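*Asks:* Chain residues, written in single-letter form:
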Amino acid sequence: MKKKTITVNMGPQHPATHGVLRVELEIDGETVVKARPVIGYLHTGIEKTMESKLYYKAIPCTDRMDYLSPMSNNLGYCLAVEKLMGIEVPEKVKWARVLLAELTRIQSHLVWLGTHALDLGAMSMVLYAFREREMVVDIYEACGGQRMMTTYFRIGGLANDLPPEFETLVRKFLKEMPKRLKDYEKLLTLNPIFIQRTKDIAVVSAEDAINWSLSGPMLRGSGVKRDLRKDEPYSGYENFDFDIALGQNGDSYDRYLLRLEEIRQSLRIIQQAIDGMPEGPYRAHVPGVVLPPKEEVLHKMESLIFHYKIITEGFKPPRGSFYQGIEAPKGELGFYISSDGTNKPNRVRVRPPSFINLAALPLMIEGGLVADVICAIGTVDIVLGEVDR
Amino acid sequence: MLEYAIISSLKIIVIIVVLLTGCAYSTYLERKVVAFMQQRIGPLYAGPYGLLQPIADAIKLIFKEDFVPDRAERFAFTLAPIIGFVPAFMVFAVVPFSSDVTMFGYEVSGIISDLNIGVLWVLAVGSLGVYGTILAGWSSGSKYSLLGGLRGSAQTISYELAYGLSIVGVIILGNTLSMSEIVSQQATIWDWYIFRQPLGFVLFLTCAIAETCRAPFDLPEAESELVAGFHTEYSSMRFSTFFVGEYAHMIAVGCVGSTLFLGGWQGPFLPPVLWMAIKVFLFLFLYIWLRATLPRFRYDQLMNFGWKVLFPLAILNTMLTGLIVLW
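Chains A and B supply the protein sequences, listed in that same order. For the first sequence, our numbering puts the final residue at 389, and the numbers step up evenly by one. For the second sequence, our numbering puts the final residue at 327, and the numbers step up evenly by one.
These are computed hints drawn from the structure, not numbers from a lab. Treat the numbers as computed from the prediction; the structure is a model and nothing was measured. You may find that some hints are simply not true.
[Unchecked claim] Taking lysine-lysine pairs in the PhoX-like style, the calculated list, with each CA pair at most 20 Å apart, reads:
{"#": "1", "chain 1": "A", "residue 1": "344", "chain 2": "A", "residue 2": "53"}
{"#": "2", "chain 1": "B", "residue 1": "143", "chain 2": "A", "residue 2": "4"}
{"#": "3", "chain 1": "B", "residue 1": "143", "chain 2": "A", "residue 2": "34"}
Work out the full structure: start from the sequences and follow the hints.
*Replies:* What follows is the structure, given as structure tokens:
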């Protein structure tokens, strides 16, 4: 007898594809025979847009790629341009950036946790996770005035100094979060249905993970120890004491435990950063490249001229190209910037973790059931804004 | 004879009206309870505390466009919601709601029809509702709906056996199939069958959730996988008919559960009808609580759980009860 399969389009409008991902599934009963992810429904041309902007004007574009971790994207881009220009930022900026990037990691993982649990049917989780995310978003709001598209980092520093209430807010979050994590564990970690749904599902072996150049929790979940924060420290990560969480089996459950552990490690880093936050300027002093502080602009002639020049015509980095990768919540986020000596980048290429991790989707779901597809899409932790750019 | 017919008809009308209101307010209850469990507030604006929300919802749904997809089988498509909805109501024919009362000089029994095979009626009629699911899934002409319908049928077949067997213990102990007799056997709280059939009760509860397709067994609809499953293509009143059917089914199962295991309408101080309502409310609350807490089973895991765990346990329970009664 010939087996008949039917083709189902999961997405682009589907509640569990986290945006506008479309997966063409060929199913035999409930078993997935073949899967093909189709992307491009959210293409916004961000890379191209960045090429037509002055260097500092491209920062808001980065927020809009992975809109769940804006600060990490800001950080990656700013570090790349700073590398290009050879700018050394003050200690305080480094510490503040690390702190905010780790808050971003927690925030991104919380959204992941909530939506993943929601996909699996545990619908309360999403509201609990968003309740905690709210605290992080409040900190963002205090810093940059924006809750999602923060655009808080600048080339050579921060948009403005950390607000006075910053420390109180962060300490409050540090106090609340561990308690809430325990609640999540009670709800999910030992829940037999949750374990059944995630254990041995969407397995990626260590070898496959490396061959598909996966990064972030997708790679570490398979037991490969690679974390740019440790391996190629940037922005002063070498000053912080933290462990890299590792999984063993490379299944969805391991990645869940790993992400919870990463939240704990991030809390450790934030604790160290807020305790040891150095005093100092919030922007590097590089005339002609980094905006001088506003008070100076109002009182000093040179500062006013530099301010005017930077705003209108930007700055011109030397010819050459640089790559800077950072450990974003979803994996290695890299910015490759090539400069032709003018005030706009010749090419900006982003290495998006979501896109590359998503490529391994067929590997994880073929042979599984339809319900596992949902679990696999969830466990990759994609943001379509970053996949399509 | 005429008197009997009139009283019965009146009882039917009263029960249907109460039930429809009950279904509407179960949605309100569900939304409020889940909201409080999720740190939200729930419906708030229609009437005081949002109490008119179910009515607002009903009006909205009635005025929506009744859309039938091109590829749907029109006849079955129209029939399916009705099939899903009627059996749930038919179960109430044999549920004793109250003791016999004297009203306006007439002796009125608290049950529409004291069928001597009441329990059998509940099982037979209650599981007919799944035809609605299957037909809806098949006739919609959509792949997601078809998958939902198939899941629904497989699930019902798997759980029907354990569901039936979980009740057998009570029947053996009570030596009757009549619902009202089972109630009268549980006069005091220590006679409640929940204490004599604890395993049977747990099995009944689990299977009942699967029967009503509620979380964590809500596979036929599974909104995050199948985009609402069998009723994806339904809109307007047809859609809400499914919903009314689902809630009526929940209330029916609550009624059957409290009748068989919790002493039915019996209880001290309060009027019998109120006791019945409280017990049914407990069942509903439990369902809502589970929905807010648990993730969803996967299709094959559900089957394994039904056939390899629940079914053997139900047989074991039946055998043990039989042995105890024999001794």
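*Asks:* Which of the listed hints are broken here?
*Replies:* Per hint list: zero violations.
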